[in-house]
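Each residue of the sequence shown is one higher than the last, beginning at 1 in full-length UniProt numbering.
Treat the hints with care, since some could be wrong.
What the hints assert, rightly or not - Label pairs and their computed distance ranges (CB to CB):
#, residue 1, residue 2, range
1, H60, F277, 20 to 30 Å
2, A102, S217, 37 to 47 Å
3, G259, L304, 31 to 41 Å
4, I149, G172, 30 to 40 Å
5, A132, D203, 18 to 28 Å
6, A271, D48, 43 to 53 Å
7, D272, P108, 46 to 56 Å
8, F277, D98, 42 to 52 Å
9, A59, T264, 42 to 52 Å
10, E199, G259, 20 to 30 Å
11, M1, P32, 27 to 37 Å
12, A271, A102, 25 to 35 Å
13, E154, D40, 17 to 27 Å
14, S217, P108, 24 to 34 Å
Quick caveat, the hints were computed from the structure, so don't treat them as lab data. C-beta: ideal position from N, C-alpha, C; glycine also.
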Amino acid sequence: MRHVIALDVGGTGMKAALVGADGTLLHEARRPTGRERGPDAVVESILDFAAELRAHGAAHLGESAAAAGVAVPGIVDAERGVAVYAANLGWSDVPLRDLLSARLGSIPVTLGHDVRTGGLAEGRLGAGRSAARFLFVPLGTGIAGAIGINGVIEPGAHGSAGEIGHIVVRPGGPPCGCGQRGCLERLASASAVSKAWAEASGDPGADAADCAKAVRSGDPRAVEVWQHAVDALADGLLTALTLLDPDTLIVGGGLAEAGDTLFTPLREAVADRVVQFQTLPEIVPAVLGDAAGCLGAGLLAWDLLTPEGPRTDTPITTPTHSPTDAPPEVST
């Protein structure tokens, strides 16, 4: 059965699948990255995992994978297939595409940025499937973005398009690791809300999920923390929609798990900011969860094998069997 390897590399764990031509997930597995052993060990873990997936396909599906797609965090040069930099993995300038191609028997391999790859999946298979133009914004430890246009993700001239987390929404605000002050991700990411609520509640172990629960219970301290984050997020999204004019804003990541606690005030805040010349986009939650990166990697791989251009209508279905590897708790 013809298939491709899809691999999503996170900070501590990797998710993978063998994906059939009709989009069926034929096999799924997870592995730790082994980052505690250093950056070279992470690369070797990726190569070994990919080789295991290739062997599984040959043994159980009758042939080896036809291509492989890999999503990685950090700065990615997709054209050269190089993982330029990833602070949480400790690597720089890793020629991952060439290393994987050599390990996998010279099959075509493509490398993608994790958020843009996740956005590709949400755009073709998930919440943005009916949108000609969308912006995917996951709210996690940080905030990034993926710009989708007609089923394709825009990388930008230098591979950094969509970095909405570093729009300055509060000049002179808290310092950001990028060197600026008042960046969106310092005010509206899940980690920013966790920090603000831990301080406001006096509980150093409190996080964003706890804040959302306290908002629902009517705690005025939580409501204030939450509203500050929502206002900052609305300001950042307003800048994005002014520049990009998307049909749909897709919000994902850990903070989006708060559901209506986030989306109701966020939609109101963005609507209050839209002026006459702007068109209010639909603001919707992402639907693919932590599977988005892996699904997007599979789409990238199939795109390599599709001469007529990117596949925009591939269904993805879950396997009818249980994965052979029970997934551990993985933080990506």
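Hints and how they fare:
1. A C-beta distance of roughly 56 Å is found between H60 and F277, which places it outside the suggested range of 20 to 30 Å.
2. Range check, A102 to S217: Cβ separation about 56 Å, and the 37 to 47 Å hint is violated.
3. For G259 and L304, the Cβ-Cβ distance of about 37 Å falls inside the hinted range of 31 to 41 Å, so the restraint holds.
4. As the Cβ distance of I149 to G172 is approximately 34 Å, the hint placing it in 30 to 40 Å holds.
5. Between A132 and D203 the beta carbons are some 45 Å apart, a value that contradicts the proposed interval 18 to 28 Å.
6. Checking the proposed 43 to 53 Å range against A271 and D48 shows it holds: the Cβ atoms sit about 50 Å from each other.
7. Look at D272 against P108: about 48 Å separates their beta carbons, and that is inside 46 to 56 Å.
8. Distance hint check for F277 and D98: the Cβ-Cβ separation is about 48 Å, which falls inside the suggested range of 42 to 52 Å.
9. Checking the proposed 42 to 52 Å range against A59 and T264 shows it holds: the Cβ atoms sit about 50 Å from each other.
10. Judged by the Cβ atoms, the range 20 to 30 Å given for E199 and G259 holds: they are separated by roughly 24 Å.
11. Range check, M1 to P32: about 28 Å between beta-carbon atoms, so the 27 to 37 Å window is met.
12. For A271 and A102, the Cβ-Cβ distance of about 52 Å falls outside the hinted range of 25 to 35 Å, so the restraint is violated.
13. Between E154 and D40 the Cβ separation comes to about 33 Å, which falls outside the hinted range of 17 to 27 Å.
14. Here the CB-CB span from S217 to P108 is close to 53 Å, at odds with the stated 24 to 34 Å.
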